[in-house]
Structures are given as structure tokens and as C-alpha cells.
Amino acid sequence: MRQLLLLFFYSIPFILQAQLSIEDSGILESLTGNEEIMQTNSDAAENLALLVKNPMNINKADESVLLGVGYLKEVQITEIMQYIHAYGPLINVHELQTLPSMNEQTFFWLKSCFTITGSTQDQKLLHHLAGKEHSMLLIRYSAAPVTIPKEWTGNGDKASIRFQTMIPNKMRFGLCLEKDAGEQIRWNAAKNYYGFDNVNFYLHYLPSKKWKHITIGAQRLQFGQGLLMGGGFYAGKGSETITTLRKTGRAIIPVGGTTEYGRLFGISSTYYFTRHISLTGFYSNTKEDAGIDTTNDNVPFIQSISETGYHRSLAELAKRKNIHVQLAGYHVRYESKHFSVGNTFLYRAVSHAIQPKETYYNQFYNRGQLFSGTSLDFQGRYQNMLLFGEVSFTATGGKAFLAGVMMALHRSTDLSFLYRNYGKEYISPYAQAFAESSAVSNEKGMYVGIKIRPKKEWSIHAYADLFVFPWLKYRIHTPSTGEEYFIKIEYKPSKKTMLYFQHRNEQKSWDVTGTTLTLPAFRQSSILYFEHKLSLAITLRTRIQWGSYETNATTSTGSLYAQDIMYKKRKYQLTFRWMWYEVADYNARQYAYEPDVPYSFYIPAYTGKAIHPMLIIKYNVFKNIDCWFKLSLTKPLAATVLESAATSLKSIYSGTWQIRWTF
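Its first residue numbered 1, the sequence shown is counted upward by one per residue in our numbering.
Treat each hint with caution, since some may be false.
Derived DSS-like pairs (lysine-lysine); straight-line CA-CA distance at most 25 Å [as the list claims (entries may be wrong)]:
#1 K495 <-> K444
#2 K533 <-> K569
#3 K209 <-> K287
#4 K170 <-> K60
#5 K170 <-> K210
#6 K111 <-> K191
#7 K158 <-> K321
#8 K111 <-> K424
#9 K111 <-> K569
#10 K191 <-> K321
#11 K150 <-> K321
#12 K357 <-> K319
#13 K533 <-> K456
#14 K150 <-> K456
#15 K533 <-> K508
#16 K158 <-> K337
#17 K399 <-> K444
#18 K508 <-> K455
#19 K60 <-> K212
#20 K533 <-> K495
#21 K321 <-> K209
#22 K496 <-> K424
#23 K444 <-> K111
#24 K158 <-> K399
#25 K357 <-> K399
#26 K424 <-> K444
#27 K492 <-> K455
#28 K191 <-> K150
#29 K508 <-> K456
#30 K111 <-> K212
#31 K287 <-> K337
#32 K321 <-> K357
#33 K170 <-> K212
#34 K111 <-> K170
#35 K533 <-> K496
#36 K508 <-> K444
#37 K424 <-> K508
#38 K496 <-> K568
What the hints contain is simulated information worked out from the structure, not anything from laboratory work.
Could you put together the complete structure from these sequences and hints?
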């Protein structure tokens with residue numbers, strides 16, 4: 001049977017689409033309807049972009065790799081693994097189209113990220129790289145703003161240089177040099193200046209089947225469900241209500257981008273003692289930004305930790321790389337066909353004691369120089385159900401628990417449940433788990449999600465999330481509750497046309513500004529999106545969104561309209577957007593993904609009233625060299641309350657150019 005399928009795949013003429021970039025493919029935007037959450041995914045997005053540019057051999061991808069891409073359902077991962085186990089390595093990626101759960105959109109994304117290639121085990125580095133597009137040099141420059149703040153010590157230009165190279169399934173190396181607008185370029189090793197303000201590199205090596213990987217340099221680590229240590233792609237509560245709910249049990253993510261906060265810098269490695277038992281060890285040694293103060297006895301302590309990564313003014317420079325942070329730990333895992341369990345231990349030592357000013361909401365924050373914690377996570381599969389969870393403890397007595405289940409009720413219906421209980425004493429500095437708030441602490445909740453495909457052209461995504469904050473929070477002077485509901489209806493009559501409508505309704509409590517009186521607040525947001533390919537060269541995208549925020553008998557509203565026109569030819573590509581928005585205040589802010597040059601992901605919060613046109617031009621200078629130019633204008637149509645009319649009505653121009661050489 002398989003031979004007949006392969007003969008069919010190789011015999012019929014395929015009309016192959018050109019490989020799309022991660023921005024054009026729409027993978028990220030389709031996985032989450034929560035643009036606020038997407039801001040946390042820049043590193044994972046860049047790794048996904050690298051995977052699109054250099055597809056991985058799917059025959060060498062384990063379950064954690066397939067789960068890590070974010071768009072595969074549990075049943076699809078299971079069917080892929082079972083197919084390879086039953087029939088041997090895939091010979092043609094189109095074999096996956098025969099899987100019962102595979103749909104057209106998922107297969108399109110899958111073949112963008114994975115391929116079928118031969119082994120590189122015996123190939124030499126230089127021989128393998130010669131003549132193959134597995135390396136990239138990228139130079140990006142953004143012009144200085146019209147008005148440069150007086151407190152900036154450097155010029156207003158923003159620049160970065162990135163280099164990446166890889167041998168598929170064997171080695172990856174990345175180097176990034178970057179300065180933000182307002183920062184200086186200088187060399188002073190004693191003060192950790194090596195030319196550019198931000199220097200970042202990694203080497204990710206896959207030695208053998210037993211020695212799974214050795215990663216040196218900048219990286220993020222993900223274990224269990226992220227209660228103790230989380231990284232990688234995180235969709236949160238979004239339009240994909242099933243597949244992104246569970247995290248991979250273990251993931252090592254090299255960081256080759258411009259991220260300055262939250263990354264580790266050191267070494268990690270995973271070794272398989274047997275087919276089922278593995279051990280991952282890691283060590284990190286970093287210098288991080290912090291505000292330092294002294295006690296009455298002249299003993300220094302950490303008053304605040306800076307997460308911005310900006311070093312433009314004297315005040316920001318005073319916080320630059322002030323503290324020394326060391327991190328060490330392990331993750332041991334047992335994996336079988338239908339069950340896996342893992343244990344993680346984490347130990348952190350900081351050069352100075354952390355002593356933030358005590359407030360009504362931070363009484364249980366981490367203090368002192370040391371932190372340690374451990375967790376136990378599990379995943380189990382039974383028939384059409386997948387159960388997963390994690391329990392975590394810290395040395396200070398904090399406890400956190402998460403458990404969920406995903407079920408395939410029918411080929412057209414999936415259901416998910418997730419319960420979490422995070423104690424107010426539980427604080428892990430590296431946690432990234434499912435939660436309503438940004439911190440994995442002081443929260444209980446129950447989430448229910450469903451995905452229905454009544455017909456081939458239609459899909460319905462919906463969820464309900466009820467949550468409780470047992471203790472006080474920032475701007476909430478009392479224990480509080482909340483609820484959130486979401487629905488997305490998508491219609492795709494053909495490969496050329498797609499239409500969806502989504503609506504989110506949320507209720508939480510907040511303090512009335514300037515008081516300690518806590519009242520409920522209601523936020524609603526809706527999006528109507530239409531995309532149509534007029535031809536192979538022209539694509540139209542229309543986005544209309546609106547929302548409101550109501551509290552204390554006051555309602556503020558916001559709306560946004562964006563029209564994209566994309567024109568592609570062999571040598572060049574044009575993307576034009578015309579946007580108009582009118583937003584009363586920050587409470588009613590509107591988020592919209594903004595087209596940008598490759599490897600740059602920008603989702604701003606729009607407020608005020610303005611028009612915002614932009615133009616992106618791509619031109620292929622030579623076969624392996626392309627140039628990108630982005631020009632944008634923000635023209636305010638109304639003065640803001642905080643600024644004079646002369647200042648706030650000024651047009652804001654911005655420009656970015658980028659050159660990319662792949663070789």
C-alpha cells in the first residue's frame with residue numbers, strides 16, 4: 001500500500017508554492033488571538049523562522065520537537081510517530097497527507113518546517129556548507145527619530161548584525177550584535193562593553209543519538225509545563241484552544257536574537273542512558289541589570305531588577321550589568337510510548353540580596369540571595385485522551401499545581417480542560433506557565449476549550465476561563481475573581497480566501513485610579529479579518545477591530561482599520577498597509593500585528609487617533625542577497641491630553657533597511 005502511495009506522489013505533477021517566510025505563512029498569528037501574549041514569543045518566533053528557512057528532517061524529530069512548533073494537535077503527533085514506527089522513515093513528506101487527522105492548513109505549515117533529507121553524519125563542515133543556503137548574514141539599520149531625548153548618551157540610530165549557520169540535524173551557530181537607539185558603541189572589557197551594547201551567541205551541537213545535544217551560549221530552557229522553568233513558544237489563551245495548551249516536557253532553545261532579559265548564558269546538555277531515561281544538566285553565569293542601594297550599614301542590596309535591556313541614559317547605564325547571577329540544575333526524564341515523567345531541580349545564587357520595597361501586594365516576593373525549587377511533571381496518553389500536569393515546590397514553602405486533559409471526541413471535535421492552583425507564596429523567577437496574569441503566583445482557575453470543524457470549510461474555536469486571585473495584586477487591594485470568554489468562527493471556502501470573526505469578553509476587578517476602592521471592569525474586543533489572493537502575485541488582507549472598557553460607570557472605546565496589499569514578483573516584493581485608529585485611552589488600546597522586515601516581530605498597542613501608512617519593499621539584488629526597506633508614518637489626527645497640540649500633532653516618520661545574504 002505504501003509503495004502505491006509513493007508512486008502516486010512521485011507520478012502526479014505537483015504545483016508547488018514558493019516557500020513562505022514565517023511572516024507570510026501566518027503561523028504565529030493563527031496560533032494566538034492574544035496579541036499581548038505574542039510579545040513574549042520573539043525568541044521562539046525566530047527559531048521557528050529559522051526552521052522555516054532550514055527545514056528539519058522529520059524522521060529525526062522526536063515528540064518534543066513536533067510539539068514545540070505549536071500548531072500540531074496531539075492526535076497528529078501520535079499518528080506521525082506511529083506511522084514512522086510502523087512503516088519506517090518517511091521517503092516523501094507528502095505521505096503525511098494520508099493521516100486521518102491531517103488537514104490542508106496543517107500540512108502546509110508542516111512541509112514549511114520539515115523535510116526529508118539524507119544524513120550529514122559523514123559530511124565535513126566546509127563541504128556541507130559550500131553551495132548550500134544554510135548560512136545567513138543579516139545587517140539591519142533604523143534611522144534616528146526626528147526628536148532625540150536629551151538624556152540619551154548615544155546617537156539615535158538603531159543597528160544590529162546577525163550571523164547564523166547550520167548543518168541540518170547536526171549543528172547550529174548564531175551570533176548577534178545590537179545597539180538600541182540612544183546607546184553607545186564602545187570597547188571597555190572591564191565594564192562588559194565589547195563594541196555593541198548587546199553581544200549574543202550560541203552553539204547548538206547534536207553529537208549522537210545518546211548524547212542528544214550540547215548547547216553553549218545564550219539559551220532558554222523549558223521543562224514540564226513551565227511551573228519552575230519555562231521558555232519557548234507560549235500562546236497563552238488564544239484562538240488555538242487545544243494544541244497550544246500543553247507544553248513540551250523538555251526543550252532547549254538557542255537564543256540568537258536581540259533579547260537581553262530572561263535568557264541564560266552557559267552550557268546545557270542532554271544524555272540518554274537508555275532509550276527511555278535521559279538526563280539534562282545546565283549551568284548559567286550572567287550579569288544582569290539592577291538598581292542597587294545600600295543599607296544603613298553600607299551593605300549593597302538589589303532594590304529592583306531592570307527588564308528593559310535599554311542603556312541609553314545615565315540612569316539606565318547605572319543599572320547595567322550590576323549583579324552576578326549563577327544558575328544550575330538538572331532535569332531527569334523517563335519516557336515510554338504512552339507515558340513520561342520528569343523531575344526538575346533549580347538552584348540560583350545572586351551576588352547581592354534582593355530586597356524590594358515592601359508594598360501591599362509583594363509581601364511574598366523572593367528576597368535574599370538564594371532560590372531553589374523542584375518539580376515533578378507527567379504526561380500520559382490513553383486512547384483518545386492525553387493527560388498532563390506538574391507540581392512544583394520552592395524552598396520558601398511555595399506550592400504550585402497544574403493539570404490538564406485534551407480529548408478527541410470525534411474527528412471534527414476536540415475538547416480541553418486545565419486546572420491550576422498557584423499559591424501566593426509561590427514565586428519562581430523562571431516560570432512561564434498557563435495563567436491569567438504574567439506571574440505564575442496567587443491564582444486559581446479552570447479553563448475549558450473546544451474546537452469544532454462541522455464542515456471542511458468551517459472551524460469554531462471557543463473557551464471559557466474562570467479564575468480567582470486569593471491575595472492582593474498590583475492595583476487590586478482585595479482578593480478578587482474574574483472570567484473570560486472567547487469565540488472564533490473561521491470560514492475558508494478555498495485556498496485563496498479566508499474569513500474569520502472573533503470576540504473576547506473579559507471581566508476583572510481593578511482599583512479606581514488614585515484610591516484603594518476595587519470595582520469590576522469589563523473589557524470586550526472583536527476582530528473581523530478577511531484575506532483573499534487575487535492572483536499568484538497579489539494578496540489582499542483587511543482587518544477591522546473594535547473594543548470597549550467599562551468601569552466605575554465610565555466607558556472608553558477603541559477601533560482600528562487596516563488594509564494590506566501585497567504584491568510579489570520574482571525579483572521584488574511590495575507590502576503596503578494603510579491603517580486608521582481611534583482609541584479613547586490606554587484601557588481601550590488596540591493591538592495589531594504590524595508587517596516588518598524578516599526576523600523582526602512587532603505588535604504595538606495603539607492609542608489616540610491617527611493614520612498609520614507603511615510600505616515595505618523587498619528587492620533581490622542577486623540570487624542569495626536581498627534588501628528590505630520599511631518606511632512608515634504616524635500622523636496624529638487629534639491632540640493628546642498630556643501634550644500640547646503643537647507637540648502631539650507632529651507626524652512621526654520611521655525608516656528601516658535590512659540586507660540579508662544567505663549562502
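Right, here's what the structure says about each hint:
1. K495 <-> K444: Violated: K495 and K444 sit about 42 Å apart, past 25 Å.
2. K533 <-> K569: At roughly 14 Å apart (the allowed maximum being 25 Å), K569 and K533 satisfy the hint.
3. K209 <-> K287: violated (34 Å)
4. K170 <-> K60: Between K170 and K60 the Cα gap is close to 11 Å, so the pair holds against 25 Å.
5. K170 <-> K210: holds (13 Å)
6. K111 <-> K191: The given pair, whose Cα atoms are some 46 Å apart, is violated under the 25 Å limit.
7. K158 <-> K321: Satisfied, since the Cα-Cα distance of roughly 21 Å is no more than 25 Å.
8. K111 <-> K424: Roughly 44 Å separates the two Cα atoms, so the pair is violated.
9. K111 <-> K569: holds (23 Å)
10. K191 <-> K321: holds (8 Å)
11. K150 <-> K321: Within the cut-off at roughly 23 Å; holds.
12. K357 <-> K319: At roughly 17 Å apart (the allowed maximum being 25 Å), K319 and K357 satisfy the hint.
13. K533 <-> K456: holds (19 Å)
14. K150 <-> K456: Violated: K150 and K456 sit about 58 Å apart, past 25 Å.
15. K533 <-> K508: violated (40 Å)
16. K158 <-> K337: Violated: K158 and K337 sit about 49 Å apart, past 25 Å.
17. K399 <-> K444: holds (12 Å)
18. K508 <-> K455: violated (36 Å)
19. K60 <-> K212: holds (11 Å)
20. K533 <-> K495: holds (8 Å)
21. K321 <-> K209: Distance of about 38 Å is beyond 25 Å: violated.
22. K496 <-> K424: violated (49 Å)
23. K444 <-> K111: Not satisfied, since the Cα-Cα distance of roughly 39 Å exceeds 25 Å.
24. K158 <-> K399: Between K158 and K399 the Cα gap is close to 43 Å, so the pair fails against 25 Å, i.e. violated.
25. K357 <-> K399: This hinted pair holds, its Cα atoms lying about 24 Å apart.
26. K424 <-> K444: Holds, at roughly 10 Å.
27. K492 <-> K455: holds (10 Å)
28. K191 <-> K150: holds (24 Å)
29. K508 <-> K456: violated (37 Å)
30. K111 <-> K212: holds (24 Å)
31. K287 <-> K337: The hint is violated at about 41 Å.
32. K321 <-> K357: holds (21 Å)
33. K170 <-> K212: Given pair K170, K212 holds - Cα atoms ~10 Å apart, limit 25 Å.
34. K111 <-> K170: Satisfied, since the Cα-Cα distance of roughly 20 Å is no more than 25 Å.
35. K533 <-> K496: holds (5 Å)
36. K508 <-> K444: holds (14 Å)
37. K424 <-> K508: holds (18 Å)
38. K496 <-> K568: Holds - the C-alpha atoms of K568 and K496 are around 15 Å apart, at most 25 Å.
Checked against the numbered hints given earlier, this structure breaks hints 1, 3, 6, 8, 14, 15, 16, 18, 21, 22, 23, 24, 29 and 31; the rest are met.
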